[in-house]
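**Student:** Here is how the chains run, residue by residue.
2 protein chains.
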Amino acid sequence: MKKVTTILTNGVVITMNKAFDVFLNGAVAIDGNQIIAVNTTEEILKAYEADEIIDCKGQYILPGLINAHTHVPMTLLRGLADDLRLDVWLMGYIMPTERQFVNEEFCRLGTKLACAEMLRSGITAFADMYYYESEIAAVTAEVGMRGVLGQTILKFPSPDAESYEESLEYTRQFIEKWLGHDLITPAVAPHAPYSSTKEMLKQCAQLAMQYDVPVLIHISETMQEETDSFDHYGMRVVPWVKSSGLLNAKVLAAHCVHINKGDMLTLYEHDTTIAHNPTSNLKLASGIAPVTEMLENKLTVGIGTDGPASNNDLDMFEEIRLAAILAKTAANDPTALPAKQALLMATRMGAEALFIGDKVGSLEPGKHADLIVMDANTLHNSPQFRRDPDAVYSQIVYAGKSTDVAHVMVNGKWLMFNRELLTLTLDSLLEEAAIYAEKVDAFLKAHEDDILSKLLAVGGVERSESFEIQVKARIQDPQIVYKLLNHVDVEVLREVKYRQYDTFFMFDDKEMGRVRYREDDKINEQGDVSEVRARLTYTMPTKEREFNSAVLLSHSRFIAPADRPLRFYQEYFKASRTETLEKERQRWRIHYQDVLYYVNIDRLLSPAIPDFFIEIKARTWSLIDAQHKADNIQRMLEILGIPSDALVKDEYIEMQAV
Amino acid sequence: MKKVTTILTNGVVITMNKAFDVFLNGAVAIDGNQIIAVNTTEEILKAYEADEIIDCKGQYILPGLINAHTHVPMTLLRGLADDLRLDVWLMGYIMPTERQFVNEEFCRLGTKLACAEMLRSGITAFADMYYYESEIAAVTAEVGMRGVLGQTILKFPSPDAESYEESLEYTRQFIEKWLGHDLITPAVAPHAPYSSTKEMLKQCAQLAMQYDVPVLIHISETMQEETDSFDHYGMRVVPWVKSSGLLNAKVLAAHCVHINKGDMLTLYEHDTTIAHNPTSNLKLASGIAPVTEMLENKLTVGIGTDGPASNNDLDMFEEIRLAAILAKTAANDPTALPAKQALLMATRMGAEALFIGDKVGSLEPGKHADLIVMDANTLHNSPQFRRDPDAVYSQIVYAGKSTDVAHVMVNGKWLMFNRELLTLTLDSLLEEAAIYAEKVDAFLKAHEDDILSKLLAVGGVERSESFEIQVKARIQDPQIVYKLLNHVDVEVLREVKYRQYDTFFMFDDKEMGRVRYREDDKINEQGDVSEVRARLTYTMPTKEREFNSAVLLSHSRFIAPADRPLRFYQEYFKASRTETLEKERQRWRIHYQDVLYYVNIDRLLSPAIPDFFIEIKARTWSLIDAQHKADNIQRMLEILGIPSDALVKDEYIEMQAV
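Chains as they are written, first to last, in the numbering used here: chain B, 1 to 658; chain P, 1 to 658.
This is chain B alone, in the form it adopts within the complex:
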């Protein structure tokens, strides 16, 4: 008789191993954090003894469920706003609230709440993407759960970083801190292709490969994403991501709702795995992921709850069930994604999707002891037919509930026993969460009239680059611009002439930023107006600094088409002050040393200011790139022969008419 730590007996053991062995009166022997043996109760009790023997009569014993995609601290934003369009939901509610509230404390509390809810739902491991991921890792390890935790990287400022370079550096430190931990696998999480630059994805891949950690990313969640990718890059999302080199790392891609057969082959070739999130996809009207085809194309697909702000809970039983039934209607075939396959995706295949399949995902000797025990003889799952050996999967998938879960063990340690959470204190958590909710309510109530919310309500809002680099000089002779345009390092891409009418909506509270309504009248060679367009630009408070005499602006900037008359916006934004500006602008889009810049020659008509102004501008998502571009603008000023002391810092709107 070999002595082990714990023996579970008399349960229906569902191993989810390659042979899909099920022991109707089965037992599991666990020693330390390892599974030692899985067999009939009789055989196990012949070979092993333990101080802790748990009778699981009338219960299923199965591998812990793997939540393949979530954002755990977002429990604190659950139900914040529902039934809204994605842009209104994200930019109107979630992002402003995150900007205001997300910090280390928020992430720790939200993670505790999520871990409690996930344990109750039989989840033992999860893949997460959020901010301050090191805090999330600390809480997850304290609670004793397993996590593949990805630090989010965005091309625009995030709650924990001003630029993506800063995020990358934070991520490197995060990886070094957690690498090799028993429960935590640190990961790099560029948020999505549309919120990344190619250079950023390349650097994410390099970082992940350097430490051999996974990359977590959202891919092809909406049809819009595919359309935009084609418009901007002339290719679908997956090929564009591939072109960045990201797929050379170990990538777990969430959603993949709109990928096609070619994309699937690309993902398969690169061993990219997928997290399928059926509830979130339905609720946000993203669509139905082609899961059956993914599996036919040998892709590894896990199942995720997504964040509780778009679900609105962390219930894997609901998710597995929905994955199974939704696939049938999607494939127009009631035999598609049978219960056994759905449960596989939530256990062994889910673990493989998270790149931890060697450690967990099935009840097999040598694997870590991550398992759950759930009541089988419930009212909602009675009676039970035993004729078909696959009936157990059907019982768990089609009628099992998270509230059936009685015990949860991770890494050989009980985290829940008889429905009692052993490493978390619930009451104080709920109270703390309630206090946050009150604060968020108050904040959003105050924020309801704010400018971004109003802009979003108008529709079609896009976020623009975070960093602008610009110089401006007053000149007598506009012809000096040709010194630059004719220079050997410059290629002129396009030249246009506008008459621009700007109306600025200003607010007493500087924190509210300002909105510019601009009408661009394009002037053709005959001097006639050939095209008119109007758009709104909302600029949030700006940070200014200088590099080599160029002005570097960093701010959040949103652009939207203005398809209503100016008077509507005047009434709508309720500005405390309005100012107008009229000018003629000749604009060149150029490449200087193969990089894009804009050069303007402006003449101000109202306020009327004599002479001309020359501007050189560039935009970027990268702080390092911004500094590099400032250097180049300095060189262009030298070509133009404009001395530093000729530069003007004021904006046109600040100048006084003569």
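It is possible that part of the hints are untrue.
Because identical chains share one entry, a pair is satisfied inside a single copy or across any pair of copies.
[To be verified] Using 27 Å as the maximum straight-line C-alpha spacing, the simulated BS3-like pairs for lysine-lysine come out as follows:
#1 K445 / K340
#2 K522 / K177
#3 K649 / K497
#4 K439 / K242
#5 K617 / K472
#6 K649 / K359
Honestly, the hints are just simulated from the structure, not real lab data.
Chain P: place on chain B using the hints.
**Tutor:** For chain P alone, kept in the frame of chain B given last:
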């Protein structure tokens, strides 16, 4: 101070009245089976006093949920077989099991189980369609739940009737027994258009209108149903049902997955209501019902779980949530079917769909006291934002669980309190259910090799009419047939000549029936074979009787195309004996007094039998119609001048060659 029976205080009262009033600290006063007042706790306690005052702090108080479509005794068939094609599931598992097991006792036990599960899920009223509905009514009334209960009527034999006429008679008695009951509304339930004849639907409508009770029916559940309807009747399902007159009754139509705008207008004009069953529709790959369009077209739509054999549970919270999120993806619009609308469909609008909206569905003075109290401050629903008054709907719909329900009251009586069922004893129910499951397992195991299962596995099986009426006579001169064909009451529709090769697969066990493989070689005017087709006919044991010397056969008969070689079927069906038959047949399809009959002149080649045979045949789903046709066949024999004693009763296969 007015004295009432019960006051619920300090809860978040969600009235679901027309104004959608919500009282954050609300109370409900109940006297007897009626709601007397709904208001703030303060106002209620000023005006009313009661011996029973229930403090609902931290809880929601809302109307009981209405399950708009189910088959309650099918709890006993839950998980019997899953992930199968509809025909295999229904004809291979559900129907044989029902034929064998469904009786009064089965229905009583299954209903108890279902009532227990539904109460736990916050359901207070349900619409049911099954057999022995009077037993279901008795149990429902004993338990104290509210039911709109429809006795099923099919064109073929059902577990509780041999013919639809018998079902109609049973239904009439059922209605008379339960009409005017406080909790039970009896209803007429023709199963579906494809399992009805037009005459049968007409009679169902008459019966329902005579007693002013609802009609429950499945309509347009699958695309196949629409295609078949068009093939058979040249019109879609809804217009065909309308043409029967059924929609003149108060109809609650389940599913309506494939109805179009025109159908919706028809249903609206007839005040037909709809039961939407999202889980069942997804699981059986039926499709996604156009709920948003239904609501835009002012239809009254409730939400149903469908039977637990196709769901596999009776959890209204899962159903409401799925209805809300599925509609968003179906409409490609995340604002479609918001939480408030989804909850409305499960309460007030659901009650209207069941034609009991005057009694229940909202918390309003004068309505019956059907309500539930559920925990609001759960882990999976924390924190809670209060800024948006509609947030309560979102909390209940997107993150509420059936296990949050603490108390359930129907008609002023507590049926569940503190999660304890007060009118049902669970333990013995589960034991009895387990015994059934064992028996069913054993039956199906034995049944796995049976003929119908094998036929189903071959595919394309169709059920044929239950009643066949036929006469046969041996004649010398085949030309006598023209006495009939030229008769003034006869119209010849079509004439064909066949050479028919039959192979009969016989089994020692008579209960197994027999299979006929027939090759029909169609002979053209030149005497050449112009067309060959082969098909299988499986006939289950036959009941024979005589009407006016015609033989009336009643049996279950299934037909399938035989697209594989004969040898395959010989090996496949493993018959104990095979017999063959070869004959020449001249066949006329005729109308006699505008009713369809077949007339055959047969010459047997093998076994070779001299002379000719004349046969007159008809088929029908109606026992009364069968008797009527037998009378007409007798008249046709008189026209032919064939005396009764010239009739032959033996089948060809029973005759001996000379």
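**Student:** Does each hint fit the structure? Answer for all of them.
**Tutor:** Here's how the hints hold up against the structure:
Taking the shortest alpha-carbon separations for K445 and K340, only the inter-copy value of 21 Å comes in at or below 27 Å, while the best intra-copy value is 47 Å. Proximity of K522 and K177 under a CA criterion of 27 Å is satisfied in neither setting, with 56 Å inside one chain copy and 83 Å between copies. Taking CA atoms no more than 27 Å apart as the test, K649 paired with K497 passes inside one copy only; the shortest distance there is 24 Å, against 101 Å between copies. Taking the closest pair of Cα atoms, K439 and K242 never come within 27 Å of each other, the shortest separation being 42 Å inside a single copy and 57 Å across copies.
For a Cα distance limit of 27 Å, the shortest separation of K617 from K472 inside one copy, 9 Å, qualifies, whereas the shortest one across copies, 100 Å, does not. Neither within a single protomer nor between protomers do K649 and K359 lie at most 27 Å apart by alpha-carbon distance, with minima of 60 Å and 74 Å respectively.
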